[in-house]
Every structure is written in structure tokens, then in C-alpha cells.
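Hey, can you work out the whole structure from these sequences and the hints?
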Amino acid sequence: MATLDLLSISKSFGAAKVLHDISLAINDKEFVVFVGPSGCGKSTLLRIIAGLEEATSGQIMIGGDDVSNAHPVDRGISMVFQSYALYPHLSVYENIAFPLRVQKLSQQDMDTRVQRAADILQLTDKLQLKPGQLSGGQRQRVAIGRSIVRNPKIFLFDEPLSNLDAALRGDMRVELSQLHRSLDATMVYVTHDQVEAMTMADRIVVLNGGRVEQFGTPMELYHHPKTKFVASFIGQPNMNLVPATVTGADAAGLVVELPGGCRMTLPVEASTVAVGDKVEVGMRPEHVHLGKAGLEIDVNVLERLGGVSITYGTAADGTRFCASLPGDARIDEGAPITLGAAPEDCHVFDKSGDVLRRRSAPALVA
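Following the working numbering, the numbering of the sequence shown begins with -18 at its first residue and continues without gaps.
Among these hints, one or two may not hold up.
[What the hints assert, rightly or not] With a straight-line cut-off of 20 Å between C-alpha atoms, the simulated SDA-like cross-links for lysine to any residue are:
(1) Lys107 <-> Gly57
(2) Lys332 <-> Phe210
(3) Lys259 <-> Val236
(4) Lys207 <-> Asp231
(5) Lys111 <-> Tyr74
(6) Lys107 <-> Tyr68
(7) Lys107 <-> Met91
(8) Lys273 <-> Gly315
[Unchecked claim] Simulated restraints on C-beta separations:
(9) Lys10 <-> Arg97: 29 to 39 Å
(10) Gly(-5) <-> Ser158: 33 to 43 Å
(11) Gly151 <-> Ser19: 21 to 31 Å
Source of the hints: derived by calculation from the structure; they are not laboratory data. As the structure is a prediction and not an experimental result, all values here were calculated from the model. Just so you know, even glycine gets a beta-carbon here, dropped at the ideal spot from N, CA and C.
What follows is the structure, given as C-alpha cells:
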């Protein structure tokens, strides 16, 4: 079984600690994505799994075997890099077959493996071409094909789509998801693009400053973020974070006052905050609606996209706010609008950035 277990992985470069005690359990045949901003440690963690970097401390288990000190070729992994790393003078066939020639496989075995990879990646009619005759997406498929023929236990992908244009990235996301299903293999994928993470992953690891902020399914992270960082990083457009002041608590939940004097009662536990404390209320752009009472926003920019209108504006205190409204919503740039949100769709974060736990039953606006 191609399970992957990371046990208390830490990594330092001199005095700089870049990974802090990371423990993860990745299941057999699972597609897991490491996501986070530049410098969060996601590529370093992937390189440690691959054996290209040595962990300062911790263990790496693949299929139940400790491979912490094993050579990369003995780990049963195959890695696809951001750069295609193809040999320009070799044909597609020879580029895919290269690791098999190194292993000195027979020509018959090599032909069988290369043809299978080419069939999966729709490269059968391209096998005699050189990389320079291919599109960016086709070259990336060749790089993936070179990994497939090795029959690894685990596929590792280090931002493989970052060199492609937007349209090709969308196409390749679909192809990689289909590839995962057809190979039924364990895959670990690194990206800074949360759209790639949300659309492809079975589970997502959100990294920040070398630490795991949250590990869960895309919809768990979307609906139940544990921290302000996860809430603002997952979702497109980004979640709005509105400063608010705690004014009280009752049986329905926490009462807060938003900029402009709007008050809401939110169904969260109030035991860790007190009256007068500053919190932030998270509202996703797609969860707000036009209303007669609520948060007043001055519209600065309006993007009409057909079925949806993306509205960018500012609240009374200057807080930026984005709303995803119906395409034919009656709004104009430069004019104020009033926006509301269902309390159960809102999130509340304390001053440390941790989410306040929801109550078991949602409450209504007071």
C-alpha cells in the first residue's frame, strides 16, 4: 500500500527553521495538495519526501517502511518538476523511456510501458516528435509520462502547471484529475494556487510559516476554517474580514458591532472573548446579499461577468469589501449599497486569528 506518513518533520537551514514538527498521514491512492504562499515550506517538505533534502529531524514512512535515510531511487517515488527538464535532442519516446534505459529494461518491456503512458496521456501520435515541436501542455505530459513508466508508489508534483498560461492550466487540472483516477495512485502535489488545490485534491494541507494550519477536505477548509489564515487563503474571491467589537452575548450567540453601527448576533461560543474585545467577522463574497439593513459599502469597482457581478468597495472605516452578486443586480460604481449575510454563514476570529467555535444550532439575526 502506498501510504505516506510524516512523523514530526522539522528542517533548519543554519539558524533559520523552515519546517516545524510536521506530522501528516496520507492514505493509499489519495490526492493530497500542499498549498500556501511563497516561503511557507511546501516545496522543501516535498523535496524531503523525495529525498532531495534531508530533514533535520523526524521520520518518513512510505507503505509502512522507514525511508528517512533511503536514497531517492530507493523510495519508490517519482517527481515531476516545475521545469519540464526534457532532453531537446531526444524524441518524445526517448524522453519517456529514459529512466527505463537507465534501469536497463528490455526493449519489449520498455515499449510496453512507454506505449501505456502515451495512451494514458494522449501522446501516441507524438512519440517521434522532439520537445520543441510540442505545446507547453504536451511537454508537461511528456514529463509526467516519464514518471508513469517508473511505476512509482507515490507521484510527487512540484508546481507543474506554473509555466503554463491560464487556459492550459485549466485544461491540465482536468487532465491531472483524470490521470489520478486512471492510475489509482497516491499523489502529492505542491502549488501556491488555491484554485488548483480546491479543484483537484481529496485533502489539502494548508501551510503557513513552516507549520500546518489545517489538513482537511476542500469543503472542510471552505466551510470550517480553523484560523483566519485558512479562511482568507481558501476561496475565490477571498473572504472578507471585517473588524468588529464585542458588545455582548446571549442565548443566541455573540453580539458584535460592525463598522457603521450595524449589529449582528452570531451563533458562536462567547466564552473566550469579553465585551469590548476586538474580533474579525469573516464573510465570503458569495454569501452576502443586497438588503435594506446591514453593512453599508461604497462601491469603488464593479465587474460585470454575465451571471455574476463582482463588487469591490469600502466600509465606513475604510475596510475593503468584496461581494459576489447576481449579474443583473442594480448597483453602480460610486454609489453606496447595503449588504447583509446570514449569521450561520459568518465566521468569527479572535485577536490571535483562531476561529470561535460554532454553536450546535444556528441562530438568527437579533
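Verification of the hints:
Simply put, Lys107 and Gly57 have alpha-carbon atoms about 28 Å apart, too far for the 20 Å limit, and the pair is violated. Taking the CA atoms of Lys332 and Phe210, the gap is about 12 Å. The hint holds against a cut of 20 Å. Restraint check: the Cα-Cα separation between Lys259 and Val236 comes to about 12 Å, which is no more than 20 Å; the hinted pair holds. Taking the CA atoms of Lys207 and Asp231, the gap is near 23 Å; set against the 20 Å cutoff, the hint is violated.
Restraint check for Lys111 and Tyr74: the C-alpha separation of about 9 Å stays at or below 20 Å, so the hint holds. With a CA separation close to 15 Å, the supplied pair Lys107 and Tyr68 stays within the 20 Å bound. Of the pairs offered as hints, the one joining Lys107 and Met91 holds, with about 17 Å between alpha carbons and a cut-off of 20 Å not exceeded. In summary, the hint linking Lys273 to Gly315 is supported, as the alpha carbons are separated by about 18 Å, within the 20 Å threshold.
Hint check: Lys10 to Arg97, Cβ distance near 18 Å, so the stated range 29 to 39 Å is violated. A hinted range of 33 to 43 Å for the beta carbons of Gly(-5) and Ser158 is consistent with their spacing of about 39 Å. In this structure the supplied range 21 to 31 Å holds for Gly151 paired with Ser19, their Cβ-Cβ distance being about 22 Å.
Consistency note: the structure conflicts with the earlier hints numbered 1, 4 and 9.
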